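Chemist: Protein chains in written order, with my numbering: chain A, 5 to 94; chain B, 5 to 94; chain C, 5 to 94; chain D, 5 to 94.
Note that these hints are calculated values from the structure, not bench results.
Check the hints yourself; a few may be wrong.
Since the list gives no way to pick one copy over another, a pair counts as held whenever it fits inside one copy or between any two copies.
[Stated by the list, open to error] In silico SDA-like cross-links for lysine to any residue, where the CA-CA straight-line distance does not exceed 20 Å: (1) K23 with Q41; (2) K51 with G71; (3) K7 with S17; (4) K7 with K51; (5) K40 with V94; (6) K16 with E76; (7) K51 with V94; (8) K23 with A33; (9) K93 with G13; (10) K16 with A33; (11) K93 with S12; (12) K16 with E78; (13) K93 with D37.
Model, not experiment: these values are computed from the prediction.
Number of protein chains: 4
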Amino acid sequence: MEKREEISGRLKSIAGHVKGIDGMVHKDAYCIDVIKQIQAVQAALNKVTTQILEGHLHSCLTTAVRGEDANERERVLKDVADVFEMSSKV
Amino acid sequence: MEKREEISGRLKSIAGHVKGIDGMVHKDAYCIDVIKQIQAVQAALNKVTTQILEGHLHSCLTTAVRGEDANERERVLKDVADVFEMSSKV
Amino acid sequence: MEKREEISGRLKSIAGHVKGIDGMVHKDAYCIDVIKQIQAVQAALNKVTTQILEGHLHSCLTTAVRGEDANERERVLKDVADVFEMSSKV
Amino acid sequence: MEKREEISGRLKSIAGHVKGIDGMVHKDAYCIDVIKQIQAVQAALNKVTTQILEGHLHSCLTTAVRGEDANERERVLKDVADVFEMSSKV
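Isolated chain A, as found in the complex (with noise of 0.2 Å):
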């Protein structure tokens, strides 16, 4: 994976946040706080996953176009096309 560190880095980041919303509730925070920190935790998975297909693109989806093998061709591009619909449903 392309910025491997840099990508495991906001993970880390992330995994802090949702916590620090655990605490948030645990001290009976205002509910419409926990969200707004919810959609920040939100926004920011946004940002990986955007990261991560960047890199895929450049990558993998690259070298299995430029390939000769139709099905491996093939998947990549349904894989790309099936995480693009999902990304409408969450």
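Following the hints, position chains B, C and D against chain A.
Modeler: Showing chains B, C and D alone in chain A's frame:
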């Protein structure tokens, strides 16, 4: 564009759906019912986007990535990453 | 519905936008440009939904919650939670 | 907050899930599999948000809307509209 007639048919149907929602507004329909119809339109638009993207991956993107113009290759990959990023914001 | 004319105007404009996108499809526009226009329509629909919901909260929901019919109160609160849940899936 | 223990349990599980995804990144898992796991986390976060919002509507919002402080009433209604609007952007 691949499947042009099918995509055009879906867009015409969506435009009609939006006009129907305007009719509901004029008949003072229950707000929640109007919102649910708008959400149905959003889901239909997501399907059109996925379908266009699939065609794009199999045609333009495949052609560009298999081609020898590195700038063009970069451009189409960036376009896909951009629409993916934007899709998480609408 | 509150701000009925403004909402109706937005919906008419959105229906026109969708028809314009159909025109782009027929003129064989670049797939990515078509997808970006669809995303603009979705952002506009989100604005309409938020506007309708705001009006709903201040009118129907406020009336029901201040009323003495516990079933009706429950029903309107459930409706708002439902559209919120659905909104994360489209 | 209503159902505090259940919500806290879900958040702890989500934090663990994110750490697990970080582990996948370190083991150089296939990008698309990583993205699918991130999307699963986002779906789980959406469920938590809906659950918190439901509790909020039945407690804080109901109390405020049935109360006599118009400013407070306005504030809680605006809060709900705000999280709804934000939810369409993440």
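Chemist: Does each hint hold? Answer for all of them.
Modeler: Here is how each hint holds up against the structure:
Both within a single protomer and between protomers do K23 and Q41 lie at most 20 Å apart by alpha-carbon distance, with minima of 11 Å and 18 Å respectively. Taking CA atoms no more than 20 Å apart as the test, K51 paired with G71 passes in neither setting, with 29 Å inside one copy and 29 Å between copies. Proximity of K7 to S17 under the C-alpha cut-off of 20 Å is restricted to the intra-copy arrangement: shortest distance 16 Å within a copy versus 26 Å between copies. For the identical chains of this complex, K7 and K51 are intra-copy neighbours only, at 13 Å inside a copy versus 30 Å across copies, given an alpha-carbon limit of 20 Å.
For a Cα distance limit of 20 Å, the shortest separation of K40 from V94 qualifies both inside one copy, at 17 Å, and across copies, at 11 Å. For a Cα distance limit of 20 Å, the shortest separation of K16 from E76 qualifies neither inside one copy, at 32 Å, nor across copies, at 35 Å. When the C-alpha separation of K51 and V94 is checked against a cutoff of 20 Å, the pair qualifies both within a copy, at 14 Å, and between copies, at 10 Å. In the homo-oligomer, the alpha carbons of K23 and A33 lie at most 20 Å apart inside one protomer (14 Å), although the nearest pairing across protomers, at 25 Å, exceeds that limit.
Taking the shortest alpha-carbon separations for K93 and G13, neither the intra-copy value of 26 Å nor the inter-copy value of 23 Å comes in at or below 20 Å. With identical chains, the CA atoms of K16 and A33 are at most 20 Å apart between copies only, with a shortest distance of 17 Å across copies and 23 Å within one. When the C-alpha separation of K93 and S12 is checked against a cutoff of 20 Å, the pair qualifies neither within a copy, at 25 Å, nor between copies, at 23 Å. Taking the closest pair of Cα atoms, K16 and E78 never come within 20 Å of each other, the shortest separation being 33 Å inside a single copy and 30 Å across copies.
In this assembly of identical chains, the alpha carbons of K93 and D37 lie at most 20 Å apart only when taken from different copies (17 Å versus 24 Å within one copy).
Of the hints listed earlier, those the structure fails to meet are numbers 2, 6, 9, 11, 12, in rising order.
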